[in-house]
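Sequence order for the protein chains is A and B.
Numbering-wise, the first sequence is residues 1 to 337 according to our numbering.
Numbering-wise, the second sequence is residues 1 to 337 according to our numbering.
No wet-lab data here; the hints were simulated from the structure.
Careful, some of the hints might be misleading.
Claimed, not checked - A short, non-exhaustive set of chain A residues, derived as facing chain B with CB atoms under 7 Å: (1) E53; (2) R131; (3) S160; (4) S187; (5) A188; (6) D190; (7) A195; (8) K223; (9) D267; (10) E276; (11) E282.
Positions of the beta carbon are idealized from the N, C-alpha and C atoms, including for glycine.
If you want the building blocks of each chain, they are given just below.
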Amino acid sequence: MGKPLLKTQDLCKYFFSRKWSLPSLQSRVITVKAVDQCSFELYLGEILAIVGESGSGKTTLGQSIGRIIDPTSGKVWFDGREITGVQGAELKGLRREIQMVFQDPGSSLNPRHRIDDIIELPMKIHLHFSRKERRERVKELLTLVQLAGELMPRYPHALSGGQKQRVGIARALSLNPKLVILDEPTSALDVSVQAKILHLLSDLRDKLGLTYILITHNLSIVKNFSDQIIVMYLGRIVETAPTALLFQNPLHPYTRALLSATPVITDEERKHIPAEITLEGEIPSPVNVPRTCVFFSRCQEKRESCAGMPNPDLEEVESGHWVRCPFALHLSGKAAA
Amino acid sequence: MKKTVLLKAREVTVHFDTIDGTLKVLNRANLDIYEGEVIGIVGETGSGKSVMAKLILGILPMPPARVVSGQVFFRDGDLLKMSPKERQVLKEKVAYIPQDPMTSLNPLFPVGSMLIDAIIWKRSNRSLGRYLITRRFGPSRREAAEQAAGLLDKVHIADPQDILYRYPVQLSGGMRQRVLLAMALIGKPELLVADEPTTALDVTIQKRILQLIQEKVREEKLSSLYITHDLGVARSLCDRIYVMYAGTVVESGPMGAMLEKPLHPYTVGLLQSIPKLTGEPFDGIPGQVPDYIHLPSGCRFHPRCGEPTRRCAMEEPEILEVEPGRFVSCHRISSGI
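Taking the hints into account, I'd like the entire structure generated from these sequences.
Printed below as a string of structure tokens:
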């Protein structure tokens, strides 16, 4: 396996805001723990999927790694060196290696820039290419993402959703990054286009030796696309395992509920997911995260002892399979019976 | 058992007149809804699903839209030939759940006041004078508030009395969608048109909204027209589905049979595009939905079809009943290839 390409340890991102109460003019600080103590490793050429509902902190985690936002605490290693809190020229160098593809291709491309300018801009900032070299590279990149060269002088509004996302991918690849963070790359697209984009991404990985972090809420995509899965809930990792293992034996009650809610087409698929579990309520606000298990309020399998216990730690139940639930193994035993 | 037809659309053709030219959107579309049935319309973005729904609801802006030919019968009356007054009354019988719960509620009013307004408006027989009087005076306002609370209770909102006085921003996406469903139930509708009500929601919430709609359809003896692009959602809810492509209904039939053995190449492609939990390979459909001004000749799908015949480019395929209740419009099927 060798050394991991990316490693994080207790990565946290808290957002602070001040709330004033009027008569006394006193303020108190509200802390939103968007990402709390996330540790994981990612090896070269792997695809790591981060799944969870909206509000679970998966995008914030992706952005903390891509340094769109600065993490509050915790450590990050990339390619063997520590990159926690790097600034200035070092950060600029890092941006060349970690790139992002954003969720909504409609709003992540500047509507007043032409397609070729959009793809060229990262090269203008980071590389000492001549104008001619840059144009050559833009053409190369467009071919790489299977777009026609005549799109170069167009503006984003003239492109379809799938084409825009391809431009987004070309822009991310323009600096030859090692790691690409894909933040819900297909959630705004139709299924027929989604399949094409996913195939393109997997071809590019093989061709260019890329490593991906895929942020998504679609478990069917994850099953077909990723090597390793992190399931997040309220800013915490609740379960992480290699893809095959997780789908074979989902342990955390939240993972099981998420899987059972996935819409499926055939009865054949139904067999691959746990029986009907319907979650009550909605994801609680991350402002006052309970001291108990984060999933306590919605858990279908909660015991009386859960209420008194502090938030459980991630435990390794099988090799590579970590779960944040002390009753996980018991649950799986029940499922088998 | 002979079922009564609630809504019957026959050969509806709708054009939009714009500066750029005439958009030939709906092309001889047929639709039947029987009493107590849940119908799904499935298709990609821009396939004319919403135009169909809006035509049935009577909220399609005309102009620019223009019904060229065809009839839409609701029970016995032709919707397209009705006087505006008759049409208004009928609108009560057809309720609507819009797509985006975030933007469909007025942010300036508590949800209760919107519900109460709609209830009083209905009680005052849509006369503005009587509406203003009942709204200001009389006991009916309190009654209306009670009815509103009752409606919220019906859609399983806990503590409805409290929720009445909340603003939309204070509610979560799932709650807002429930409020919209409650609003749709005010007029004791016979037909419920839902335009992708769950696309903006998480899977776990989506599942519960779908269960709720199912429950209401059963309880209130509604029929429902459910528009979606997600075949998995359609599967869990609908009795029959209509697959639309570029304004034409390419295939229709009972849910199970359709997913098991799709006949039209577009349905086949659509099903193959969806990543499966079984890990089967998936692939998209090449090309994109044509623009409605420069439509391809003959079958509208032939440029994207894997194996078009010579006839496909020349003449439009007729709708063929291959099995009882199963309709396909494709030259390959009708010529027995």
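* Supplied contact hint for S160(A), tested at 7 Å Cβ to chain B -> holds, 5 Å
* To do: Have a go at the D190(A) hint: is there a Cβ in chain B nearer than 7 Å to its own Cβ?
  => OK, holds: D190(A) within 7 Å of chain B, min 4 Å.
* **Per-residue hint verdict: E282(A), partner chain B, C-beta under 7 Å** => holds, 5 Å
* Asked: Holds or violated: is there a CB of chain B closer than 7 Å to the CB of A188(A)?
  -> violated, 10 Å
* To do: Please verify that hint: D267(A), Cβ, nearest Cβ of chain B, below 7 Å or not.
  => Violated. Min distance 9 Å.
* chain B contact restraint on R131(A) - CB to CB distance below 7 Å -> For R131(A), the interface hint is violated, since the closest Cβ of chain B sits about 32 Å away, which is over 7 Å.
* Interface hint compliance - K223(A) to chain B, C-beta minimum distance less than 7 Å -> Interface hint status for K223(A): holds (5 Å vs cutoff 7 Å).
* Asked: At a threshold of 7 Å, is the proposed contact between S187(A) and chain B supported by beta-carbon distances?
  -> Violated, because the Cβ-Cβ distance from S187(A) to chain B comes to roughly 10 Å (cut-off 7 Å).
* Asked: When the nearest CB of chain B is found for A195(A), is that gap smaller than 7 Å?
  -> At 3 Å from the nearest chain B Cβ, A195(A) passes the 7 Å test, so the hint holds.
* Classify the hint on E53(A) as holds or violated, based on whether any CB of chain B lies nearer than 7 Å to its CB. => holds, 4 Å
* Asked: Against chain B, is E276(A) within 7 Å by beta-carbon distance?
  -> violated, 9 Å
Violated hints for the displayed structure, listed by number in ascending order: 2, 4, 5, 9 and 10.
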